[in-house]
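Student: Generate coordinates for the entire structure from the input sequences, incorporating the hints supplied.
Protein chains: 2
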Amino acid sequence: MKTGMIGLGAMGAPMARNLKAAGLLHAVWNRTGSKATALATELGCSAAASIRALGTACDAVVVCVSADDDVRAVVAELAASLRRGGLVIDCSTVSADTAREAARVLGGGGIDFLDCPVSGGVEGARAATLAIMAGGDPAAFERAQPILKALGRTIALMGPSGAGQATKATNQILCAGVIQAVAEAMAFAKAEGLPLEQLIDTLGKGAGSSWYFVHRAPYMAHGEFPAGFRVRLHAKDLRICHSMAARHGAELPVVEATLANYRELVEQGHGDEDISVLFRLKEALFGAK
Amino acid sequence: MKTGMIGLGAMGAPMARNLKAAGLLHAVWNRTGSKATALATELGCSAAASIRALGTACDAVVVCVSADDDVRAVVAELAASLRRGGLVIDCSTVSADTAREAARVLGGGGIDFLDCPVSGGVEGARAATLAIMAGGDPAAFERAQPILKALGRTIALMGPSGAGQATKATNQILCAGVIQAVAEAMAFAKAEGLPLEQLIDTLGKGAGSSWYFVHRAPYMAHGEFPAGFRVRLHAKDLRICHSMAARHGAELPVVEATLANYRELVEQGHGDEDISVLFRLKEALFGAK
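Residue numbers (the working numbering), protein chains in the order written: chain X, 1 to 289; chain W, 1 to 289.
Don't take every hint at face value.
Each pair may be met inside one copy or between any two copies, as identical chains are not told apart.
[Claimed, not checked] With a Cα cut of at most 27 Å, we get these calculated BS3-like pairs of lysine-lysine: (1) K190 to K35; (2) K236 to K205; (3) K190 to K2; (4) K2 to K205; (5) K149 to K205; (6) K190 to K236; (7) K20 to K236; (8) K20 to K190; (9) K2 to K149; (10) K149 to K35; (11) K35 to K20; (12) K236 to K35; (13) K190 to K205; (14) K2 to K236; (15) K20 to K149; (16) K2 to K35; (17) K20 to K2.
FYI, nobody ran anything at the bench for these hints, they're computed from the structure.
Tutor: Okay, structure coming up:
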């Protein structure tokens with residue numbers, strides 16, 4: 001299966017390398033062409049002149065771009081260039097609506113579409129250990145296995161088109177609430193003068209624990225928040241959750257509170273730090289301490 | 001060490017049984033005297049006529065009562081009856097201030113005090129697997145080991161008087177934030193029509209996961225919330241967190257939001273269900289669905 005890769009950013013570039021390692025990569029394309037040329041030279045594949053040129057040359061295309069509009073634009077070009085029986089795997093994090101629309105547009109030309117947002121960050125993309133949450137047709141999911149297995153480790157079909165994005169959105173809501181919990185609790189513990197490392201060790205084994213408590217409360221204890229999951233990116237994902245909830249007429253308190261906090265953090269220049277930097281806002285609640 | 005037990009409720013009664021099994025239990029006292037008589041008969045120990053009578057007869061006393069005022073009242077009686085060199089271990093969940101006050105009152109008479117709130121619920125109290133978060137003097141903590149080991153498994157000295165309560169309060173803030181996360185995410189996932197059991201399985205392995213997600217999201221998937229950690233009790237603990245934060249001039253968003261939710265749940269008659277019943281309020285955000 002000749003596979004093309006569109007979007008060679010922090011996630012897409014290592015994913016392209018893993019497709020190459022699996023013997024699948026045929027061509028790459030990127031909005032900033034110089035990135036595509038450099039990676040094509042590195043990997044010994046072709047840098048397509050356009051999305052359409054890539055679509056014409058490939059059987060399957062993996063997409064990893066930033067926003068809903070980017071996905072729509074790429075899908076329009078692929079609908080006009082991939083042959084019937086082609087396959088598009090979109091690993092971008094966008095709304096479930098965009099995924100369903102993409103599936104409709106491509107399906108009209110006999111092209112399969114899977115929404116396959118990932119989690120696991122840049123490290124997961126490099127190590128091919130991403131968690132992949134897929135939405136789409138079971139037969140298409142079956143066909144996509146060689147590609148998905150080249151990119152990730154935990155691969156689950158969650159339902160029809162959009163279900164992958166809805167699952168990813170659910171995960172991002174979980175992350176928002178948990179980081180609120182951990183940041184607020186740690187700021188309280190610090191104000192109370194507790195020994196923070198011992199606290200993490202003790203409560204990390206209990207019912208209040210979470211992945212974020214075990215792995216990110218230490219960042220708070222040390223007051224350093226090196227980029228892991230950037231505030232800016234989680235904010236983008238939570239805006240998607242906001243929109244998806246709004247379609248149900250719902251406004252979600254954890255999502256809204258966290259978005260407000262993130263706006264403040266971005267204004268303060270913390271947009272590219274790990275989301276555990278929320279600790280700073282919680283600490284500020286305790287005044288000058 | 002002749003040990004007395006004050007407070008024979010859902011937690012205190014099984015703790016008394018474990019003290020008996022360790023050969024430590026000498027006398028029991030309870031506000032409702034009939035409970036004390038029944039348990040004393042069952043265990044073959046004495047039912048003290050008063051707190052003072054218990055204090056006079058014992059070297060050490062374990063306390064497990066409901067509220068700050070109860071602890072203050074019990075401590076006043078024990079200060080007047082325990083001999084110099086006595087030891088009081090308070091397993092109630094109250095404010096760090098109450099713990100520090102108790103330590104001062106008892107310390108004046110040469111009696112050691114440890115604040116030792118526990119977590120692990122009624123099951124942990126029965127199985128003697130409680131987590132015990134202690135505050136007080138290291139020498140007193142050392143002396144208390146036979147008693148603490150009879151009651152729990154994870155036993156940590158967190159600092160001077162009040163540090164045990166502050167650690168417990170930190171844990172209760174964690175629980176509040178995490179249950180907010182899990183309930184909101186699960187309500188969203190349900191509204192999106194995702195397969196909830198598969199979702200729990202998939203996201204439970206990821207960075208958004210938590211003890212509550214793995215153990216309580218299934219309650220939400222099934223719409224049943226059998227008593228585990230009761231709304232009413234967590235609300236009581238969060239009011240302590242509210243007061244402790246207020247002493248620092250802080251108001252904590254997760255604590256306040258959860259207290260407001262719990263007031264609503266209690267009004268709706270859900271006060272004795274597990275805190276995962278918060279899912280009902282989150283579901284209601286999605287309208288009639």
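Student: Go through the numbered hints given earlier and state which of them the structure violates, listing their numbers in rising order.
Tutor: Of the numbered hints, 1, 3, 4, 7, 8 and 14 do not hold.
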